[in-house]
Amino acid sequence: MNALLERPPAPAAPALPLTVRAGGPLQTLDRRPMAPFAAPVLDFLSALSHDLLASPDARRHPDIATFAFWCRRGHLQPMAEAWARGPARVGRGLVLHIAPGNVPVNFAFSLAFGMLAGNANIVRVAEVERAQTTVLCAALQRRFADPRHAVVAARNRVVQYARDDTVTAALSAQAAARVLWGGDRTIAHLRSLPAPPRCVDVAFADRYSLAMLDARAVNEAGSQALADLVRGFFHDAYLQDQDACSSPQLVVWQGEPAACAQARQRFWPALDALLEREYALAPIHAVDKLVQLCRAAAALPQAQSSVRHGNRIHRVQLQSLPAGIEQHRGHAGFFFEVDTTGFEPLAGVVDARLQTLTTFGLDRQALARRVVELGLTGIDRIVPVGQALAIGLVWDGHDLVSTLSRIVEVP
Amino acid sequence: MTRPDFSGWLARPPYGSEAQAKDAAMTAAMNELTEWHATQCAPYRRMLTLLGAAGHAARTLDEVPYLPVRLFKEMDLRSVDAQAVFKTLSSSGTTGQQVSRIHLDRDNAAMQTRVLGRLVGDALGHKRLPMLVIDSPAVLKDRQAFSARGAGILGFSVFGLDRSFALDADMRIDLPAIEAFLQRHAGRPLLVFGFTYMIWAHFLQALRERGLCLPLADGVLLHGGGWKKLAAQAVDAAEFRRVVQQCTGMTRVVNYYGMVEQTGSIAIECEQGRLHVSDFSDLIVRDPVDFHPLGVGQVGLIETLSVLPLSYPGHALLTEDMGRIDGIDDCPCGRRGKTFTITGRLPKAELRGCSDTYERAA
Amino acid sequence: MNNLEKYDATFVDTLMVGRDALAALKYQDVEAWDSVGHMQLMNALEEAFGIEMDIDDIIAFSGHEAGKGILAKYGVQL
Numbered sequence: 017m018n019a020l021l022e023r024p025p026a027p028a029a030p031a032l033p034l035t036v037r038a039g040g041p042l043q044t045l046d047r048r049p050m051a052p053f054a055a056p057v058l059d060f061l062s063a064l065s066h067d068l069l070a071s072p073d074a075r076r077h078p079d080i081a082t083f084a085f086w087c088r089r090g091h092l093q094p095m096a097e098a099w100a101r102g103p104a105r106v107g108r109g110l111v112l113h114i115a116p117g118n119v120p121v122n123f124a125f126s127l128a129f130g131m132l133a134g135n136a137n138i139v140r141v142a143e144v145e146r147a148q149t150t151v152l153c154a155a156l157q158r159r160f161a162d163p164r165h166a167v168v169a170a171r172n173r174v175v176q177y178a179r180d181d182t183v184t185a186a187l188s189a190q191a192a193a194r195v196l197w198g199g200d201r202t203i204a205h206l207r208s209l210p211a212p213p214r215c216v217d218v219a220f221a222d223r224y225s226l227a228m229l230d231a232r233a234v235n236e237a238g239s240q241a242l243a244d245l246v247r248g249f250f251h252d253a254y255l256q257d258q259d260a261c262s263s264p265q266l267v268v269w270q271g272e273p274a275a276c277a278q279a280r281q282r283f284w285p286a287l288d289a290l291l292e293r294e295y296a297l298a299p300i301h302a303v304d305k306l307v308q309l310c311r312a313a314a315a316l317p318q319a320q321s322s323v324r325h326g327n328r329i330h331r332v333q334l335q336s337l338p339a340g341i342e343q344h345r346g347h348a349g350f351f352f353e354v355d356t357t358g359f360e361p362l363a364g365v366v367d368a369r370l371q372t373l374t375t376f377g378l379d380r381q382a383l384a385r386r387v388v389e390l391g392l393t394g395i396d397r398i399v400p401v402g403q404a405l406a407i408g409l410v411w412d413g414h415d416l417v418s419t420l421s422r423i424v425e426v427p
Numbered sequence: 268m269t270r271p272d273f274s275g276w277l278a279r280p281p282y283g284s285e286a287q288a289k290d291a292a293m294t295a296a297m298n299e300l301t302e303w304h305a306t307q308c309a310p311y312r313r314m315l316t317l318l319g320a321a322g323h324a325a326r327t328l329d330e331v332p333y334l335p336v337r338l339f340k341e342m343d344l345r346s347v348d349a350q351a352v353f354k355t356l357s358s359s360g361t362t363g364q365q366v367s368r369i370h371l372d373r374d375n376a377a378m379q380t381r382v383l384g385r386l387v388g389d390a391l392g393h394k395r396l397p398m399l400v401i402d403s404p405a406v407l408k409d410r411q412a413f414s415a416r417g418a419g420i421l422g423f424s425v426f427g428l429d430r431s432f433a434l435d436a437d438m439r440i441d442l443p444a445i446e447a448f449l450q451r452h453a454g455r456p457l458l459v460f461g462f463t464y465m466i467w468a469h470f471l472q473a474l475r476e477r478g479l480c481l482p483l484a485d486g487v488l489l490h491g492g493g494w495k496k497l498a499a500q501a502v503d504a505a506e507f508r509r510v511v512q513q514c515t516g517m518t519r520v521v522n523y524y525g526m527v528e529q530t531g532s533i534a535i536e537c538e539q540g541r542l543h544v545s546d547f548s549d550l551i552v553r554d555p556v557d558f559h560p561l562g563v564g565q566v567g568l569i570e571t572l573s574v575l576p577l578s579y580p581g582h583a584l585l586t587e588d589m590g591r592i593d594g595i596d597d598c599p600c601g602r603r604g605k606t607f608t609i610t611g612r613l614p615k616a617e618l619r620g621c622s623d624t625y626e627r628a629a
Numbered sequence: 003m004n005n006l007e008k009y010d011a012t013f014v015d016t017l018m019v020g021r022d023a024l025a026a027l028k029y030q031d032v033e034a035w036d037s038v039g040h041m042q043l044m045n046a047l048e049e050a051f052g053i054e055m056d057i058d059d060i061i062a063f064s065g066h067e068a069g070k071g072i073l074a075k076y077g078v079q080l
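Protein chains in written order, with this note's numbering: chain R, 17 to 427; chain S, 268 to 629; chain W, 3 to 80.
Please keep in mind that the hints were generated in silico from the structure rather than gathered at the bench. A portion of the hints provided could be inaccurate.
Think about it this way: if two alpha-carbon atoms lie no more than 27 Å apart in a straight line, the pair counts; the simulated DSSO-like pairs of lysine-lysine are [what the hints assert, rightly or not]: (1) W:LYS28 - W:LYS70; (2) W:LYS8 - W:LYS70; (3) S:LYS340 - S:LYS354; (4) S:LYS340 - S:LYS615; (5) S:LYS354 - W:LYS8; (6) S:LYS340 - S:LYS496; (7) W:LYS8 - W:LYS75; (8) W:LYS75 - S:LYS394; (9) S:LYS408 - W:LYS28; (10) W:LYS28 - S:LYS394; (11) W:LYS8 - W:LYS28; (12) S:LYS615 - S:LYS496; (13) S:LYS340 - S:LYS408; (14) W:LYS8 - S:LYS394; (15) S:LYS408 - S:LYS354; (16) S:LYS495 - S:LYS340; (17) W:LYS28 - W:LYS75; (18) W:LYS70 - S:LYS394.
Not close to chain S: a few residues of chain W, all C-beta gaps over 12 Å, as computed [what the hints assert, rightly or not]: (19) GLU7; (20) THR16; (21) ARG21; (22) ASP22; (23) LEU24; (24) ALA50; (25) ALA62.
For each residue, glycine too, the CB sits at the ideal point set by N, CA and C.
Let's have the full structure, built from the sequences with the hints guiding it.
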């Protein structure tokens, strides 16, 4: 490369008290953006995908396997081709990501999104490190060490430090964009840390999700369809102990009361049978859910009864959907339940917190149109039961490649 | 509804009831208490409704609706007017951790003291003994707001004479104070009292380091507060007793199990080394998988029942301790009732790799 | 000072109440007679009269009046 293109990296920042979990020292970070879906990035993610899928450590974690699968060339290449047809774009520069504590694999997705949008990235992972974080950082480090991925390695860091505004502020001050994951208070706090005037903030705040099942469809489902539904729900709810913001907290039965009652009788025992075969309940969760039950009793006048399937499934039946239901989350197999005829009663309580609506037996396109028609401030995605956790480049209503890159306009 | 009154039970021997009679009496008492708290405490009533337990009496003890003990860390639950609350106990906790708040009115507090007196009197005799507390006087400093340790020490001080402290304000062993105490009461049986971990970490270790053995052979060590911290250092009850004997000559070591959420109705270790449930309380062990009651010898979650909680709905509580019932009405010491062992605390949820969800329960 | 005067004086000194409040005074009636105050009072009475009271009596000592009956058990006539 000639001297003109080989600009030296930006002046080194003073040393910050943090640990680098993947990548070289911060001071040598190359912040130069590239085009979205640049070849080095696709090569890197493809290599990372192979590395993870070949590793026994990674295979023990279904969420890592899901991430690895997402990064495969066969998935990203078509997206790259679609983006290539649009206007000239380039990444915004350096993106700072503050990753969430509740879903360990999301830091990797966030990093991948930032890379695919053409950016250099610094990702802060949670202090309390989960197994998945360790496995993923090791894989990233291995791929960074490969000279074939020098271009990507130069532009990316995964760091760890105890919550420290000085450090975060120092990193923010150089960010062209910030991707902030966390509870509402964390996000508000992070936003308050100064950033350059054109810095773009993407916030993934507390979200709430629910499942809406059509009673008649459940009642008429054949045994395979029911088995698939139940497995899909298990995946959505139990895989992350309902911690993910797209895990269903509330189950809405759509239909006439008798049909709904019958559908419940079909669905929950079938789920319980699956749990009995494949799910090991941690005793502490049994106690947690009893606490949640008592808490719901005290806080929700609409809670009229509850059903417990051993300690595997706890259901609280609501007479009606109260405003503010999104303040009440379930954990490790605890669900609020309500019957409804039609979408409108649900629409009454939809607010900005509502992210994912998983459905069975319903016309998702029609529901999406209703969201728009009714001018609802929530519901970012409507997916079939089983797909709740499928994170992607369009997330929480943001098209991340668009948001994290900029157009170089030639009208 | 008139407030339940079990003060008549004080007239009976504290470990006199045989299983069948006890089950019946305790179930009836629990039903009365459930009804009382349901009429007096609105949130509790709502919980009973949601748990499906409202309006019908339990036929057997395991049918009595129970609350998770953690609830008292999250909510203020009381069955008397706020003005009637004259003391609020709080559990110990590290900073940042929520603590349980137990609201007592005068009668509830008085009854706790009387029952505690009955039980400790049965274990140690009814004469008061010169009492050496293995703690620092600082623990009772703030009279308006005792920590759990302070409240415990005060509660047990009723049994002591010339209550003296073995540790100084910095939690270091105060040998001059101990020596003076021993001189004042030379030749008399003594009561040494404290929390298990305090005794181990601040008293026994200090004596060991100095190679000392105090002349306390005629004493009885009464200690409670859980073995968790000692278990973390791989010290079990046998090791604890061995070091107690080595450093103080004491061979009478009496452990007790209790909790701030059911003060007064403690379980005390008998001469045979077993923890006994008194007539004022009861114990059920439940399977964590679905909470069904387990049999003798099976390990599960401990539920404690007590007739004492009247100003707050704490009469049936699911704890986060694991343990098992060892026997019923069969202890060689002659006391009737259940004997039990605490095996440990409920483990915190593993920060799961998702692979855990796919593994079969063992 | 006779026994009754000694008894009353102990109450007044330990609990810092007026003499006229004594007749009706019960445990927990005043802030000073909390569980700490109770132990202090029991200690003070034991020292004043050279006695050692049983646990049950300490627990049952519920007021100025009730206390008289209890002290009688230890040979203290009031």
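- prompt: Checking the smallest CB distance to chain S, is W:ALA62 really beyond 12 Å?
  reply: Contrary to the label, W:ALA62 does not stay out of reach of chain S, its closest Cβ about 8 Å off (not over 12 Å).
query: Looking at W:ALA50 again, its CB stays over 12 Å from all of chain S?
result: Holds: least Cβ distance 15 Å, greater than 12 Å.
query: Are the Cα positions of S:LYS615 and S:LYS496 separated by 27 Å at most?
result: OK: S:LYS615 and S:LYS496 at ~15 Å, within 27 Å.
field: Proposed proximity, S:LYS394 with W:LYS28 (alpha carbon, max 27 Å)
entry: holds, 24 Å
query: Going straight from one Cα to the other, do S:LYS340 and S:LYS408 come out at no more than 27 Å?
result: It holds: about 24 Å lies between the C-alpha atoms, which stays within 27 Å.
task: Verify the proposed pairing of W:LYS8 with W:LYS28, using a straight-line Cα cut of 27 Å.
output: holds, 18 Å
- request: Would you check the hint for S:LYS354 and W:LYS8, treating anything up to 27 Å between C-alpha atoms as holding?
  value: violated, 31 Å
field: Closest CB of chain S to the CB of W:LEU24 still more than 12 Å away
entry: Holds: least Cβ distance 20 Å, greater than 12 Å.
- prompt: When you check the alpha-carbon spacing of W:LYS8 and W:LYS75, does it fall within 27 Å?
  reply: holds, 17 Å
query: Just checking, W:ARG21 versus chain S, shortest CB gap more than 12 Å?
result: Label holds. Min Cβ-Cβ 24 Å, cutoff 12 Å.
query: Keeping to a limit of 27 Å between CA atoms, is the pair of W:LYS28 and W:LYS70 held or broken?
result: holds, 12 Å
Given as non-interface: W:THR16, which should sit over 12 Å from chain S by C-beta: holds, 14 Å
The structure fails to meet hints 5, 25 from the earlier list, while all remaining hints are met.
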